[in-house]
Every structure is written in structure tokens, then in C-alpha cells.
Amino acid sequence: MAFSRDAAAGGEKWQTMGDPGSVGIVKTQHLSFAEPPQEMLLECGRSLGPITLAYETYGELSAAKDNAVLILHALSGDAHAAGYHQPGERQPGWWDIMIGPGKAFDTREYFVICSNVIGGCKGSTGPSSVNPQTGRPYALSFPIVTIRDMVNTQKVLIDHLGIEQLLCVVGGSMGGMQVLQWVVSYPDRVRLAIPIATTSKLSAQAIAFDEVGRQAIQSDPHWKGGDYYGKPIPRRGLAIARMIGHITYLSERSMHQKFGRKLQDKTEYGYNFLADFQVESYLQYKGDNFVNRFDANSYLYISKAMDYFDLAQPYGTLEQALGGVKAKFLVISFSSDWLFPSYQSKEIVSALRRVGAQAIYTEIQTDYGHDAFLLESEQLSSLITNFLSHGRRGAS
Amino acid sequence: MGGLAEEVRLDDAGTMVRLTPDHRTIIDLIPEGSRVMDLGCGEGDLLLALKVMKKVRAEGIELSDACIQSCVAKGLFNVHHGDLDEGLADYPDKSIDYVILTNTIQVLHRPMLLIREMARVSKRCIVSFPNFAHWPVRWQHFFGGRMPKTEKLPYEWYETLNIHLTTIVDFRDFCRKAGLTVLREIPLRTSAAGRCTVVRFLPNLLADSAIFVLEEGDMPLASSGTPH
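One line per chain: the protein sequences are H and E, in this order.
Taking my numbering, the leading residue of the first sequence gets -13, the next gets one more, and so forth.
Taking my numbering, the leading residue of the second sequence gets 273, the next gets one more, and so forth.
Not one of these hints is a red herring.
When the alpha-carbon atoms are kept at most 30 Å apart in a straight line, the in silico DSSO-like pairs for lysine-lysine are as follows:
#, chain 1, residue 1, chain 2, residue 2
1, H, Lys312, E, Lys326
2, H, Lys51, E, Lys346
3, E, Lys327, H, Lys332
4, H, Lys108, H, Lys217
5, E, Lys395, E, Lys326
6, H, Lys108, H, Lys290
7, H, Lys13, H, Lys272
8, E, Lys366, H, Lys332
9, H, Lys332, E, Lys346
10, H, Lys244, H, Lys272
11, H, Lys141, H, Lys312
12, H, Lys332, H, Lys187
13, H, Lys332, H, Lys141
14, H, Lys272, H, Lys252
15, H, Lys312, E, Lys395
16, E, Lys366, E, Lys346
17, E, Lys366, H, Lys312
18, H, Lys312, H, Lys187
19, H, Lys187, H, Lys290
20, H, Lys13, H, Lys108
21, E, Lys346, H, Lys312
22, E, Lys395, H, Lys332
23, H, Lys312, E, Lys327
24, E, Lys395, E, Lys449
Hints are computed from structural coordinates only; laboratory data are not their basis.
Take the sequences, apply the hints, and build the full model.
Shown next as C-alpha cells:
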């Protein structure tokens, strides 16, 4: 492995890089399609093209092409799920704990693909992309995209990779919504499905939080109707949206355990409106940090896509929607997740059961709330490892 | 029934499960190829044994996430997290051939609700439970004046989860009140070596446990209001 002096100077970085469980240095790839006049028709009725989709792959596709696992990310995720983009980088991809040699998605066994979503700002076509017709960023002229649109573009990618049937489709939160849409839209293309901490439709409470986030962005004076590219960006609005989001990803208990009422860098109250409490400075840090890596308009589009998602709606009932599925399911929820509560996973499992689909359902006991799917968990790893290995061999 | 589980090798591939003596009796009762659901399936040992030995379509409901993890490790792909005290609302009438409840009825808060649900969703129910009229239980209570502790009931009264213990005679009444027909009664005595034998003489006194095979009866259900 090539190594710069800078990176080698940080001894612990070398440790991470030399980690035998890491996929090592990876590169985001891009697929472009739907060139006009062959634009893709979206659910909202408008067309989009050309479309670029960012993705990464880890491991090798088997000769029989039967070992492909498609990983789908949540609201703020991207195609970079594992490994490092360059030597010396501190943070690996967002699900590195699960992907790599010897991990749950063992890259010695499986060909792992992580696809970005359209509407985002991480290399796929979204509101910050340049509209080739105008030569300027789309901004709010970008069409509304839905979870189904995201899945339809991913299907183009899977076709492009020459994969007839995916061994597994997996994702948490909004990624789980895409998993559900995949098995419903393309039942013959998926053998195993792992929807984690997800729902077939958001609750009113979850939509409400999304709307507060969007209002925060839209009321930032720099937002300017979404037309802020090349100008000062709506930092405050987006940071506040992220802060609200973060509160919903944690449980009351985990917040209490992590922060309690501890003060930040002080021993007494400041009697002013600066951040006294650790939880305040943590949220501000998370918000500020997010602004540096995410586009405010993408936040609007993607959160709206989640709000619109209702798997049953076009079919009448959830049973009718899931009636044609052929995949086997591992459905996982987390006991302290109040944003995507367990009863929503149970509804999916009940419907699967009623249509005779095979499903394992487990509620993992944890205090970490919705974010639990991103954290290191021996239990989650073991469930996925066993489900994949038995599922690949055709267990029933 | 706790401590008497024994490692059993199921096939040439060396698949191992831990089966209790009542499990082995139950396996004999299940016809090949049935659709079977084990309520409170634990780590899935009985289900896996039935899958391998009787080629059943195996389903399970289990409360503990750690147990479900073990089921997945065994390749059991139809196990759901669920609380038996909430009934079996997701399961259509007569959608299962055999519903099994081993050594669990005494920990339920609402045994009457579950037994009726079991009868509704299945063609046959198999229920096993420790017999609280077994003579050592009676002896300890009568002569010792103490809460009984036996091989089948090993817990201190203040730690036990067993809140609805029953006897063979009481269970018979319970089934009648629940509107169930008793097809078979199998009173069992477990030897120190873990072998089960059927007790034919004075079963309510000499059997430490029993297995009942039940089905939904045609007689009308008793009016509700029976104490659990």
C-alpha cells in the first residue's frame, strides 16, 4: 500500500489502514444514463435526464453473479460505505463496521455495492447538479423524486453491472424504505431482504419533524428560494435541521447517558445564551459539521421523498403490495427507536406473514434509538452473517 | 423443563440440538411435512429437530432477541419476535397444523386467551407443563410446609416466573372451559437419566409433567369470567 509521510506520521492511522478487516482504499464510481431524449419518467410525472448515479463496490462478483449485496443508505448517507478514499483518512465509510473481510458483509464472500440516491449531493444527480439545458444548477427546478424513483435508478445500475438477481438488498431507515420498494418493484431480482429500523410509511410525528427541518432551511435568509449556489449558503437553517434530526435519532435514555446535564468546558452556568450544556454544544457541532458536507436543497428533496413514501398506497393494502414478493426477509427494529418504532416493523412482518412470505423479525434491545443501526453491534452482525450464509444456501 | 436437555445429533452433517425429554415425545406426535409453530421457541432446538427429522415447515414466536439470534444461526427463517400474552392476531384460522407450547403455559399472564388462540389458528395443539400435583410437590407442601422445589420446578418462590401452575386434573377442566377437546393425555415421569416414561397408574400423583394433544371442540365455549 502506497503511503505518504503525513499519513505514516499518525501511527493510529496506519493501524486503521492496515486493519485486515478493512476494504482498504476505494473509489467512488459513476454511471450516467437517461440521456435526452431517453429521460427517465419520474413518479411525479416529470422526466429527468441525464442522470448520474454514484456508487462504490467492494469484493469480487462471482462467476455465477450470485453473490451481490446492494447496500442502501439513509437520508444523509452516500455511496462511500466502507474503506477509505485516501491513505491517512481518519473516517472510513459510513457502514465500515459491517463491510469488509471477516465482517457481516464479508467482502471475501460477497460483492458489495453501495448506491447513492438521486436528489442527493454526493455525486448523483440532484438539485445542486448543473442542468445541461440551462448551464446552471437545477435548484428548485429539480423535479420531486420519490423512493420508487431512487430504486428505479438503482435498477439501471444493477442491470449495468450485469446482475440478474441480487443475493441481498439491505438498508436502515430510508435505506430500509428502498429495500421494501426493491422487493415490491422487482420481486424476481432479490433473494434476501434486510430492512432495518424502517417503516412502510412515516408516522405523522416523523413527517412533522421533517417539516420543521425544512422550515428551518427555508426561513434562512440565505436560502433565497433555493437559488443560493455560488452565493452564501443557508448554513444556519441546514444546521438547525440537522440538530432536530439528531434529537430524533437518539433515545431519551442514550442522550441522558451521554450528556446528562454536564456542562461544556465550564463548572458554573454562564447565565447567557451561549452553549452551557454539553448536549447543546454537541448538537451545534453536529449541525455545523453537517453543513460542510451536505446541500440544503438536497435535504429538502430527500426528506420529502421519505414523507411521500407509502408502500401500500398504490396497491390498497400492505398485503396487496407485498403479495408478489419472493425474497426472504430479516426484519430488524430497535426497542428504543421512537422515530421508526417497532410497531411499524411489526406491521410489515404481519403483512409478510399473511401473504406467506418467509420472515424473521427481531427487536434488538438497545438504548441507542434510531441510530443503533449505524453502531457496532455484535448482535446485528451475527444476525446478518447467519441470515446471509443460510439464505445463500437456500435455508427455509 | 430446564436442566434435563440433552445434546442430540440430528444428521450426518453433525447438526446438534438440545432436546428435553418432553421434546422427544412431542417429535413423535408430529406427522411428516406438517406446518408447525412453536410458541416460545427459545433457541429453536425443537423447531430444527422437527425440520430435520419430520421435514416440517417450521415457525416460531419468541420474546427474547438473543434467542431469535440463535434461531437465525440455526437457519430457521420463520421466527418472529412476539409476546404470547398478546395472542396470535396475525395468524388466520386453521393456518397451522400443529401449534406447540412446551413448558410455558404456567408463565403466561393470560393462559385462557392463548389456548383459545392456539385452538383457533391450528388443527391440533400440543401443550406440555409441569404437574403441580406430582407427589414430591405435595409432600414438600404438606409435610414440609414449604413452597415446593423440584427438578421441574427449581425456582425459589420469590424468583419464579411460574405464576399459573396447574395439575393434570385442573388442566383437563381448563381445556373443557376453553372449549377444547382433549385428544390425548400423556402423563410422563422423567428418570434421573432423563428418559421419559408414560405413567398409567395414578397419573396426577405420579407424573411430574404431562403432554396434552388438543383440538378446537364443537361444544360452545364456556362463558367468560372464569378465573384465568
